[in-house]
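Asker: Chains as they are written, first to last, in numbering that gives the first Met the number 0: chain U, 0 to 335; chain P, 0 to 335.
Think of the hints as simulated: they come from the structure by calculation, not from any bench.
A hint or two may mislead.
As the list claims (entries may be wrong) - Mimicking DMTMM-like on lysine to aspartate or glutamate, the simulated pairs with C-alpha atoms at most 25 Å apart in a straight line are: (1) P/K49 <-> U/D100; (2) U/K6 <-> P/E48; (3) P/K196 <-> U/E321; (4) P/K301 <-> P/D253; (5) U/K6 <-> P/D197; (6) U/K49 <-> P/D197; (7) P/K299 <-> P/D250; (8) P/K196 <-> U/D253; (9) P/K6 <-> U/E48; (10) P/K293 <-> P/D76; (11) U/K196 <-> P/D197; (12) U/K267 <-> U/D250; (13) P/K6 <-> U/D253; (14) U/K196 <-> P/D98; (15) U/K6 <-> P/D76; (16) U/K49 <-> P/D100; (17) P/K6 <-> U/D197; (18) P/K49 <-> U/D197.
Unchecked claim - Residues from chain U that face chain P, not an exhaustive set, calculated with beta carbons under 10 Å: (19) G105; (20) T112; (21) E115; (22) F187; (23) M229; (24) D250; (25) A255; (26) V257; (27) A259; (28) Y290; (29) G309.
This one's a predicted model, so the numbers in the text were calculated from it and none came from an experiment.
For each residue, glycine too, the CB sits at the ideal point set by N, CA and C.
Number of protein chains: 2
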Amino acid sequence: MGNYYGKGTINFDNAPSVHSYASAVGPKEGQGPLADYFDYIGEEAALGEKSWEMAEVILQKSAFRSALEKGQLAETDISFIFAGDLLNQCTCSSYGIRDFDIPFIGLFGACSTMAESLALASVFVESGLAQNAAAMTSSHFCSAERQFRMPVNYGGQRTPASQWTATAAGCVVVAPRKAPPYVRAATFGKVTDMGVKDVNNMGGAMAGAAYETISTHLANTQQSINDFDMILTGDLGKVGSGLLIDLFKRDSVDIARVHADCGLMLYKISEQDVHAGASGCGCSASVLCGYILKRISEGKLKNVLFTATGALMSPTMSQQGESIPAVAHAVHISAE
Amino acid sequence: MGNYYGKGTINFDNAPSVHSYASAVGPKEGQGPLADYFDYIGEEAALGEKSWEMAEVILQKSAFRSALEKGQLAETDISFIFAGDLLNQCTCSSYGIRDFDIPFIGLFGACSTMAESLALASVFVESGLAQNAAAMTSSHFCSAERQFRMPVNYGGQRTPASQWTATAAGCVVVAPRKAPPYVRAATFGKVTDMGVKDVNNMGGAMAGAAYETISTHLANTQQSINDFDMILTGDLGKVGSGLLIDLFKRDSVDIARVHADCGLMLYKISEQDVHAGASGCGCSASVLCGYILKRISEGKLKNVLFTATGALMSPTMSQQGESIPAVAHAVHISAE
Chain U
0 MGNYYGKGTI
10 NFDNAPSVHS
20 YASAVGPKEG
30 QGPLADYFDY
40 IGEEAALGEK
50 SWEMAEVILQ
60 KSAFRSALEK
70 GQLAETDISF
80 IFAGDLLNQC
90 TCSSYGIRDF
100 DIPFIGLFGA
110 CSTMAESLAL
120 ASVFVESGLA
130 QNAAAMTSSH
140 FCSAERQFRM
150 PVNYGGQRTP
160 ASQWTATAAG
170 CVVVAPRKAP
180 PYVRAATFGK
190 VTDMGVKDVN
200 NMGGAMAGAA
210 YETISTHLAN
220 TQQSINDFDM
230 ILTGDLGKVG
240 SGLLIDLFKR
250 DSVDIARVHA
260 DCGLMLYKIS
270 EQDVHAGASG
280 CGCSASVLCG
290 YILKRISEGK
300 LKNVLFTATG
310 ALMSPTMSQQ
320 GESIPAVAHA
330 VHISAE
Chain P
0 MGNYYGKGTI
10 NFDNAPSVHS
20 YASAVGPKEG
30 QGPLADYFDY
40 IGEEAALGEK
50 SWEMAEVILQ
60 KSAFRSALEK
70 GQLAETDISF
80 IFAGDLLNQC
90 TCSSYGIRDF
100 DIPFIGLFGA
110 CSTMAESLAL
120 ASVFVESGLA
130 QNAAAMTSSH
140 FCSAERQFRM
150 PVNYGGQRTP
160 ASQWTATAAG
170 CVVVAPRKAP
180 PYVRAATFGK
190 VTDMGVKDVN
200 NMGGAMAGAA
210 YETISTHLAN
220 TQQSINDFDM
230 ILTGDLGKVG
240 SGLLIDLFKR
250 DSVDIARVHA
260 DCGLMLYKIS
270 EQDVHAGASG
280 CGCSASVLCG
290 YILKRISEGK
300 LKNVLFTATG
310 ALMSPTMSQQ
320 GESIPAVAHA
330 VHISAE
C-alpha cells in the first residue's frame, strides 16, 4: 500500500491506472471550446426529463455507462462507486446509482468531489479492496442555481464575480496498475475559510483552500511546481485564479506559469456570458474526463496536479451571516 | 491490508482498534434510558448558540474534543477526519471542522454516516495511511425537522410512523491494533429503493437497505446471525424493525433473537412522545459511542454488527413524486 508521506498526502507506490473515463454535458458546454472531447452532449437543458434533477441523474448515468463501455467493463466489474454532487442530499448520485447493483460510498465535497472520489477510489484499488472502482460526480446549472441562489426563471442579474454552474458529469474507472494515466499521489485538504461572505464569489471563497492543498502537496512530496506540466484547479474562475496566483507570489512562487483552471477552459468566456467562468462539480469532472485525461493518455501532458476546489456553501448558514468555508483535494495524475 | 471478501465487504486482517470514542447529546436524549453513558448533555436545544445549526456544530465539536481527551490525543495526532451529517451541504461537519487543522474527507450517507465513516477510517488506519483517524457525525431535531418536513414552530401533527430526529453526535477515533474493541470487517451497501414515498416513514424506506447489507455481510463472510451477540441497526424504529424481521423470516432467519435498533434504545418510547422511535445520524452515533462501545470494551458484548441505515430522502425529489432510496453500511466491532 501507499506510503503516508505527511499530513494529508498519500503516495501510491504501485500507482493505479485510470482504466477508462467518460464525460456527459449539456448544450451550453457542447458549444464551448472542449466540445469535441465529450462523450455525450445533450440537446437541451432538461435532456428530455421532467425535472432538472432527473436530467442531472441522466448525465451521471450516461458518464458512468460510457466509462464502462469505453473500458470494456460490465457493471459487475465495479467493486465500489464513490460519488457525490452539489444537490442537497447528493440526490443525483443516489438516484442515479440506485439502478446499479454496486456498493455506494457517498461523498460530499461540493465541487472538490471529482478529486475526492478519484483519490478514494485509488486508495481502494491500490490496497486491493477493489478490482475496479468508479469515481463520479455531476452538476446542473438549473438545479444548482435554484437551490443555491435564485429561481432560474426569475432571471436575477448576475454579478461580475459569479460563475456559471456547469451542466456536466464525469466518471473515472480506476484499476490496478497497467498503463497510463497513473494516479501517483493525492492530498486531502483541510477546511479553509477566507472569511468570504459573498455567495456570488465562489472563486474567492475557494482560492485559500486551493493554495493550502497545493502547497501541502508540494511540501509533503518534496516537489516544486517545476515537477508538473500543469497544476489544474477545479473552478476558481477569473477571480479565484487571480487570488491563487497572488497567494503563491507571497511565497515567491510563480504558479501562473503552470496553472490552469477548469473554470476558465469549459466555455468561451467572452462569448458565452459566463462572467467569471464555469463552476460546479461537473466543471472539473467534465474537463478532467473529457480533455485532460485524453491529453495525458496521449502523452501530451506528463504530470498534472488535479486540484478540485469546493465551496462548502450553505444558503442556511449564509442567511445567518456566516462566511463560506472551502476545501480542495489534489490528485497527481501522470503519463509516466 | 484487509482481504476483499466479496462484493462490498472488507476483512481487516490486522483489525484496527477503537482507540477512543465520545458522544454529546441534547436535553431530551439526556432524559432517556442511556443518559448515564453520554459525555455531554446540553441543557436546552440551542445549547447557548444563536441557531440550531450552530448548536449542532457544537455537539460535533464536543464529541470530537471529548474523544481526543479520553484517548489522550492531541489534534495533531489525527491524520484524517471522516465526517458528514444530515443537513444540506453537510454544514455541521464542515463548519465544525474548519476550526481544526486536519484533512477532511466529507461524506454523505444520511443516517448511515456513522458506519460509513467508521469503515473508511478503519481502511485508512489498517492500510497505514493514517496514524489515527476520526469518524464523526451528528444530527439535531430542530435543524433537521425544518429542513426536511415542517417549520418547527408550526407544530405539525406527527404521524404514528414518524421518528424523532436525535439531537446528538458521536465520534470514534480509530488507531492501529492494540486493544479491544476491534474493527474486524465492514460491508458498504448498495442504494436500495423499496418504493416508499411517505416522508414520515423513514423506517419503512430503510428496512430493505438494512436487510440487503446485513444479508450481504453474512454471505460474504460466511457467517450467520449466531456469530453475533447483537445485530444493531441504526434507526429503523418500530416500523422498520418489524419490516426487517419480516424480510429475514422469508429466508427462515429469526433475526429478532439478536436484533436491536438504536432508534428504539435512545428514548423511553412510551413516555417521551417519539412515536416510532429515534432517527438521525446522531441516533446511531450516540448509541454506539455512548452505550455500545462501552459494553464491548467491558466485554459484555462480544460481537456486534453495527449497521447504520440512511434514508437518502430529498424533499425536492419527494415533491416531484419520487420514492425514497436508502443505503446501509455495516461494521463488525468485536471484543475479541
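Asker: Decide, hint by hint, whether the structure agrees.
Answerer: These are the hints, each one checked on the structure:
1. The suggested pairing of P/K49 with U/D100 is violated, with an alpha-carbon distance near 44 Å, which exceeds 25 Å.
2. Proposed proximity of U/K6 and P/E48 is contradicted: the alpha carbons are some 32 Å apart, above 25 Å.
3. With a C-alpha separation of about 34 Å, the suggested pair P/K196 and U/E321 falls outside the 25 Å cut-off, and the hint is violated.
4. Between P/K301 and P/D253, the direct Cα distance comes to roughly 20 Å. Compliance with the 25 Å bound is thereby established for this hinted pair.
5. A threshold of 25 Å between alpha carbons decides the hint, and for U/K6 with P/D197 the separation of about 45 Å lies outside it, so the pair is violated.
6. Between U/K49 and P/D197 the CA atoms are separated by roughly 21 Å; this keeps the pair inside 25 Å, and the hint holds.
7. Distance hint between P/K299 and P/D250 is unfulfilled; the C-alpha atoms sit about 29 Å from each other, more than 25 Å.
8. For the hint linking P/K196 to U/D253, the alpha-carbon distance of about 55 Å lies beyond 25 Å, and the restraint is violated.
9. For the given pair, P/K6 sits about 32 Å from U/E48 by alpha-carbon distance, which is inconsistent with the 25 Å threshold.
10. Straight-line distance between C-alpha atoms of P/K293 and P/D76 comes to about 23 Å, which keeps the hinted pair within the 25 Å bound.
11. Restraint check for U/K196 and P/D197: not satisfied, since their Cα atoms lie roughly 37 Å apart, outside the 25 Å limit.
12. This hinted pair does not check out: U/K267 and U/D250 have alpha carbons roughly 32 Å apart, beyond 25 Å.
13. Note on P/K6 and U/D253: the hinted pairing is violated, with a Cα-Cα distance of about 47 Å set against a maximum of 25 Å.
14. The suggested pairing of U/K196 with P/D98 holds, with an alpha-carbon distance near 17 Å, which does not exceed 25 Å.
15. Restraint check: the Cα-Cα separation between U/K6 and P/D76 comes to about 10 Å, which is no more than 25 Å; the hinted pair holds.
16. Note on U/K49 and P/D100: the hinted pairing is violated, with a Cα-Cα distance of about 44 Å set against a maximum of 25 Å.
17. Taking the CA atoms of P/K6 and U/D197, the gap is near 45 Å; set against the 25 Å cutoff, the hint is violated.
18. With a C-alpha separation of about 21 Å, the suggested pair P/K49 and U/D197 falls inside the 25 Å cut-off, and the hint holds.
19. For U/G105, the shortest C-beta to C-beta distance to chain P is roughly 4 Å, which falls under 10 Å, so the interface hint holds.
20. With its C-beta approaching chain P no nearer than about 9 Å, U/T112 sits inside the 10 Å limit, and its interface hint holds.
21. Proximity of U/E115 to chain P holds as hinted, the smallest CB-CB distance being about 7 Å (cut-off 10 Å).
22. Hint status for U/F187: holds, given a least beta-carbon distance of 4 Å to chain P, under 10 Å.
23. Nearest Cβ of chain P to the Cβ of U/M229: about 23 Å, over the 10 Å cut. The hint is violated.
24. The interface hint given for U/D250 is violated, since its Cβ lies 19 Å from the closest Cβ of chain P, which is over the 10 Å cut-off.
25. The closest approach between the C-beta of U/A255 and any C-beta of chain P is roughly 27 Å, which is over the 10 Å cut-off, so the hint fails.
26. For the restraint placing U/V257 at the interface with chain P, the shortest Cβ-Cβ distance is roughly 24 Å, beyond the 10 Å limit, so the hint is violated.
27. Given hint, U/A259 at the interface with chain P, is violated; its Cβ is 24 Å from that chain's nearest Cβ, farther than 10 Å.
28. At its closest, the beta carbon of U/Y290 sits 26 Å from a beta carbon of chain P; the interface hint therefore is violated under the 10 Å criterion.
29. A cut of 10 Å between beta carbons decides the hint on U/G309: the least distance to chain P is about 8 Å, and the hint holds.
Against the hints set out earlier in the document, violations occur for numbers 1, 2, 3, 5, 7, 8, 9, 11, 12, 13, 16, 17, 23, 24, 25, 26, 27 and 28.
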